[in-house]
Structures are given as C-alpha cells and as structure tokens.
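**Q** The primary structure of each chain is shown beneath.
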Amino acid sequence: MTTGAGDLAIAMRGISKRFPGVVALADVTLEVGRGELRAICGENGAGKSTLMKILSGVYQPDDGVLEVDGREVAFADTRAAERAGIAIIHQELALVEDLTVAANVFLGRERRTAAGLIDDRTMEAECRRLLALLECQVDPRARTGGLRVGDQQLVEIAKALSLDARILVMDEPTSALTETESVRLERIIARLRERGTTILYISHKMDEVFRLADRITVLRDGRHVRTVDRAATTPAEVTGWMVGREIAGHEFHRAAARGPRLLEIRELTLPWPAHPRGYRLANVSLDLHAGEILGVAGLMGAGRTELLETIFGAGEPTWTGSMRLRGEPVRFTHPAEARAAGIAMVTEDRKRLGLFPDLDVAANVSLCSLREATRGGLLDRRREEALVAGPIRDTGVKTPGPHAAITGLSGGNQQKCIIGRWLLTKPAILLLDDPTRGIDVGAKAELYQLIDRLCREGLGVILTSSELPELLTLADRIVVLAEGRLTAEFTRAEATEQRIMHAATGG
Amino acid sequence: MPEPSGQPKAKVLLRSGEWALLAAIVIAVILTALVDANHSYWFRPLESLRDIARNTALLGIFALGATVVIIAGGIDLSAGSMIALSGTVAAATMVALAPAAMLGFKPVGPVIVAVACLASLLVGFLVGTLHAWLITAVRLPPFIATLATLVGLRSFARALCESTTAAFTPTKSALINVSDPLFKAVRDNVWIPVAVFGLLAFATWLILTRTVLGRHVHALGGNEQAARLAGIRTENVKWFAYCFGAMTAALAGLFYVANESVAAPVNQGRGHELNAIAAAVVGGCSLTGGVGTVPGTVLGAIFLRVVIDAVSKIIKTGADVYEGLIVGIVVVIAVTFSQVGQLAQGGRRLLPGPLGLCAIPTLALLCGAVVAMTANGPAGLASGLAALVFLAVVRAWESRGARAPRPS
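Chains as they are written, first to last, in numbering that gives the first Met the number 0: chain A, 0 to 506; chain B, 0 to 407.
In case anyone wonders, no lab produced these hints; they're calculated from the structure. Built from N, CA and C at the ideal position, the CB exists for glycine as well. Keep in mind that a hint or two might mislead.
[Claimed, not checked] Computed Cβ-Cβ distance ranges for the label pairs, DEER-style:
{"no.": "1", "chain 1": "B", "residue 1": "Leu273", "chain 2": "A", "residue 2": "Ala114", "range": "41 to 51 Å"}
{"no.": "2", "chain 1": "A", "residue 1": "Gly258", "chain 2": "B", "residue 2": "Phe201", "range": "48 to 58 Å"}
{"no.": "3", "chain 1": "A", "residue 1": "Arg225", "chain 2": "B", "residue 2": "Ile26", "range": "49 to 59 Å"}
{"no.": "4", "chain 1": "B", "residue 1": "Phe336", "chain 2": "A", "residue 2": "Arg111", "range": "33 to 43 Å"}
{"no.": "5", "chain 1": "A", "residue 1": "Arg225", "chain 2": "B", "residue 2": "Leu139", "range": "54 to 64 Å"}
{"no.": "6", "chain 1": "A", "residue 1": "Ala124", "chain 2": "B", "residue 2": "Ile332", "range": "47 to 57 Å"}
{"no.": "7", "chain 1": "A", "residue 1": "Pro272", "chain 2": "B", "residue 2": "Leu273", "range": "36 to 46 Å"}
{"no.": "8", "chain 1": "B", "residue 1": "Leu139", "chain 2": "A", "residue 2": "Ala273", "range": "14 to 24 Å"}
{"no.": "9", "chain 1": "A", "residue 1": "Arg111", "chain 2": "B", "residue 2": "Ala147", "range": "50 to 60 Å"}
{"no.": "10", "chain 1": "A", "residue 1": "Arg370", "chain 2": "B", "residue 2": "Gly270", "range": "33 to 43 Å"}
{"no.": "11", "chain 1": "A", "residue 1": "Leu98", "chain 2": "B", "residue 2": "Ala395", "range": "32 to 42 Å"}
Please model the entire structure based on the sequences and the hints provided.
**A** Here it is in structure tokens:
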C-alpha cells in the first residue's frame, strides 16, 4: 500500500513524553495512511501504549506535533480525541460490569427522551444494530460483567462504532481471546477496513501481525526503530528489531531421563452447579513423572486453570476422583497443605494472584519460607537476604537490590521472583499456569531456559500456556482439554499445532 | 511511597511522611505556646504534658489495634462500642463479685480487679473472634460486620449494665461507679497508661516488622488472593488482626473507666473508633490495606491530640465541641499533603471545572464560619474573604496551564 503525503490519517512528529525518572518516548515519528492497518510492535516498555495514549488524548506529549487528517490538533482529554474520530480499545477493557451492554456503549453520551429522561429504547435499538454489524448475538440489555471476554471486547468495538470512529486503536486485542473469537475478530477487522477505518494494531503475536498488517512499525526503548512493508520483512527480523539482539532458538534437547511417577490423577471431576454443562472438569486422568514437563493445552475456559487449582487445593473442594502423590492418596483443601506436600503453583494472573505490590523484592521471594529466615522467633534481616540471594541469582532476577520495590521490576523479572519464591519451598512438583503471559520476548527465552533447567534437576512440571508454540517447545508430553474433558495426549514427537487445535476444539 | 533504589529501608528510623508529621507536631506545640493567651505551655508545662500524654495514650492504645486491622486490609468500626462494653464488663464483674464494696465505694481488692480486667480482655478476644467469623466464614464485608457490632455492642453493654445493677444492687442503673484505689492510682499516675501505650507500641512494631505473622498481615492486606495462593492461612491472620483490634479497644476501655471513675456505656468512647482510624490514616496507613507503620500511627495520635489540645487552649471554652471538626480537618489536610507529590507531577487540579468553582465559596464559608464562631464576627468575615481570594488565585493559577496553547 502506498500513501501520498496528503493522504495521511495520522501524523505524529517528534513526539516525546517523559515520566518522572523515565523517558517513555523520545522523538518518535509515526505516519499512518488513511485506511491503512498499521501494526505497532515492541517489547513491554517500548512505548507502544504511551504513544497510543497520546494519540487518544489520555496523555499530552511534552514535545512534538500531532496531526489528524492533515490538521494540527492537541487533545486535552479522550473526549476531544473521540470528537476527532479516534477511539481506543484498551488491553484491559474499560467497561462498567454492573451496567447493561447498551448503557456501556452509550456511557457518558446517553440518549435522552424529549422529557430529558434516559431513552433506553433508542439506545438498545442502536446498540443491537451495532452488535449485529459485529456478528455479536449479545442482548443489549444483558449485564456486561456476565459476558465472555471476547464479547466484552466487541462491546468496546461497538462503542467505538457508535462514536463513528474513523481511527481505531486496538491494544493487544487477542490476548484474552479464544481461537474462535480471534478468527471472528479478524473478520470484523476486515469489515471495518471495508468501511475505510484506519486501524492501529498493537500486538506481540507475529502470526497475527503478518496476517493483518499493511505495514509494521517497531519501537524499542521509547524510540522508533523502523517502519517496513509487511511483504518486505519476516517475523524473525521484526522480533530481532524488537529486542535489539538475536534470540537464541528455543530448542531443548533434554535427555529423556524420566524419573519415578510423582502424581497420579484418576477420574477427576469438578462439578459446576450453576452451569448448563454441569462440570468444569470431567473424568480427567493423568500422570506426572519426575524430570518431565507435561503441557496442558486448551482454549480459554477449557479448564486448564481449574485443573491446576484443584491439584493445588486452591479451587472448589467439591471434586471427586482420586489423586495420589508418590503413591499416597492426597486431597488438599488449602494451598498451605499442597505447599507442605511439595507442590508449588505459579498462578496465571501475576498482578492479581501472585504479586504483593507493597512488599519489596526480598519479602516477595521469601514469603513462603519465612520460618527459615527467623532467629529466636523473630525475622532476621540478614538471614532473609541470604535466603533470597540464592533464588534471585538462580532465576536471574535483575533487580537493583533485594529491597527494591517489586513494582519497579519488569514483568519477566517479577515472574522470576515468584518462581524463586516457590523454588525456596523445595517443591517436587511445579505447576505453571501460563507463566509467560504478558512477558516480552527476551524474558520469555530466559524463562524457557529456567523451566527446562529445573526439569533436568528432577522437578516434575505441569505447564499450561495460551500459546501453542510454547508448549511444543517445552513440553515432553501434551494433554489437551476441551470443555473440561481430556480429549487427547501427544508425545513431543507426535504433537503439532494442527493436531492440538483439532483436539482442543472437541474434534 | 515506593523506593526504586536498593537502599535498605529498615535502617531508616522514620520515613519522610513521618518526619513531616514530627515537624508538624513541633510546629503545633510552638504555635500554641506563642498564641495561647495564658501561655500555659510556658507556665505549666508539666500539667500540659500530662494532659496530652494521657489523652494520647488512651487514643493511641486502640489506634494501634486499628492500624493492624487496616494494614490487614480490613476496618474495625466497633472500637468505641468495644471500649464501652469493656468498661461495663469490668465494672459489672466487680459488682457481681463484690456488690457491697462497690455500692459503698470501698476497695474490692486486687484479686477481683484483676479478674474484672481479665474478663474485659477475654470479651475483647470474643468480639474479635466474632468479627473474624462474620468476615471469613459468613463472608460479610468488614465494614458491615463491624457496623453491626458498632451499634450492637453499645446496646449490649447498656443492657448488661442495667441487668447487673438490677440483680446485685437495690436500683437499676445506666452507669456503675468504680472507685477502687487501684483504678484511682491509674488515673493519678499518668505514666501508667503512657508506659502501657509505649510497651504496646513496641510490641506491635515488633510483631508487624519482625515476625512471620506481621509479614503475613502485610501480605494479606496487600493482596488477599495472592496471600491465600501462597499458602498463607488468611482466615487465621484475619482472626489475629480483629482480635488484636478488639483487645486493644478493651484495654483502652479499662483506662477510660479509670480516668472517669465510672463505667458509663451510654456514651463512653462514643465515636472514638473514628479518631483511631484518623490517627492511623494521618500516620500513613492506606485504607486499601498493606501499607502502614507503628511509628506513623503513634505520631498520628500525638499530632491529633496536640492539635485538639492547642485548639482547646486557644479557644478556652467548649473545646470538646470542636474536637470532631479538628479531627476532620486534620485528616483531610494530612492526606492531601501526602499526595502533594502526585499533584505536582500528574498536573492534577484541586479546583477543576464547575465543581471546583462551587467548592471555592463552600470552603471560604466554612473557614469564615469557624473563625467567626471561635473568634468574632469581623475576624470571620475577614478570613472568609481571604480564603475566597486565595482559592480564586489557586483556581486561576491551575487554569492557566489548561488554557495556554501547547508549545509545538
């Protein structure tokens, strides 16, 4: 696609933005042609989101010029950007869960009747029309919080459409979607493009980027690295620009030294009373041996997290079936019991379920093994520092010191801290629930090496992931869940993306 | 405030907010010494010190309890009623064990006093257990659970007072006089509540910063779900926090009885739970949990009492009328000041839009009215106008940035 100078939808020139202590953007220039789909790529912290927030009026730039349709503009707030036809769909959706779908679509711009009262009927009719455009079957009167994530996202897109947005920013829109929902989203994106909408698409996922984008812009450390036509580059090249260095190939040739059987699960069923399906998990049986990585594949909602939580004693205690740990029957009712038995779990949502933002790095790492840091019943600062020094070194956490704020670390380093926390408990089994979600490419590679090494040291690992290549890279065996049932098991040699997807979609 | 550097935190005696609070206390004391027409801080320093020390100790004891509950991510609204119940339980126990002595204002003996005090602390433990049960097992929000006991416990204490006096003395009564010399001694020796407060503050500090339990309290308040998934028995940590909160209030209740020589459940400690929460918040506790320190709360309690004392010295009459107003203003100002950094960085405005416009006369009116009532009419008018002008200038200064064309 070629765009003449007069045909630009957006021109951002020399944009800089500083936050206390960091330069988020330095002299970034971005020009996007009308009707173009531009992918914006970069690691976490590269400045993608900041740039998009400037475009949509959330932030104001310290320096630089912003032009929309050739006219210079300065947005004081998001409302001003919306008036100029720019809408943003944030990665973390900004919906009011307790309001209806229609109320969310028209939030802040409610239609009124002649008497000045809220005109629900008009809004619902309008909302229904917008949703139909998006192939979405959701009732405009449904409570938004009760919808699936994919549908909530469509509600956000409907909101953008109702604003008559000509420029749409999508910040990692597929990060929480199932494969089917992602496919639907791609169809909708195609339809929006037919209407002439200019789309800026932020994503980590190279396959998506290369399927959708006209051109690709790569940012790194707040600077513009380059902008290229999709046809003129390769995923490996783009990844290389994102990280600024070569990524070592993730090929692990681990000697298949499978140890004794650690965990034996038979006919595990977890009921789900309020749901038509009736169960979250049904008749799941699996084994885990020492020194192996068992991958659990499945779409969102297939029961991956529920399976790990049940093993860890963190879920509903209503499950039936049997679980044996080294041959002994076990049934954990609290994570404390699982921890004492040598099971560790790194949870899915790091921020919500794993991290303690008010505690420093050392306290986050030592939390599960604090008794070892006491002297005469009192915590001993030196002992704690000595205790956490090991895992901080082994997992390769980059931190200014053990007493730095954990919130100042990157996502990858935070995740290493949490893995370090559990390694201190000297577990025999490590449950990893989508451990690389939201972590940038470089840190991912380091985590893969860490997981692989732990496994060689004799740990049994159960790994779930929303990215199939990750499972194919790391796992010795892969089991597939579809709607709570175990539908297939593959060895590493047998597994392919197609086979797994076939089993995961219930095929 | 998070420290991005690797500097060890524990080597810092006080954090920056706490130094500011200490400075504010010193300034308040100096101002009072200068402004007070009687100059009582100059002429009777010991007497003033005794007053402030006693009041600070009484507030501080259960403010420490509030601190632990707040750091654990909860809230305890029932402390004031727990104070009333504790005093009533102690007095009622003495009436039941030695009705004749109590009726005749005679000593009941150290054994019975000890039993009465232990009974109060036990009731504190039971109330804390009830709170923890309501919150973890019945799953009530802490605000609701302790709102129920806020109203319920005082009523319970009044009923207990009336039925005990009806059963053991000739007449039913809404209060019980306590005149045992041991209680009198506590009243006359200010160092006793101060020493108890000091020891309790040290113990609380030790628990919060140097024990596994204290770390778990911080973790629970910072991220409850993550704490459970890390294998922390969160329900037990909450049990501790609410028992600590209720038992410190029970302990404070005993000092209230000693101080006033009477257990009067109708109004003893009424509304004081909010002073405790205010002391904790002024001291840097965050009501979202996970954040707070013992030195902060101690300084917060001292600051509140110093300001209340200052106002009573300066205004002379009816100082208790203004106590609530002072606490309210101090909380707002202290928390606003702790956000000054954010205000400066984020370009956030204090007086934005139509709301800010309406807030200007509201604040000016409040300022003028308070001055008019405490000093005189003309002074009130003058200060009201001064506030109006000042706020208008702030507003104009804030709007300046928003209207100016962006440099390109």
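**Q** Find the hints from earlier in the document that the structure breaks and name them by number, from lowest to highest.
**A** Hint 9 contradicted; others consistent.
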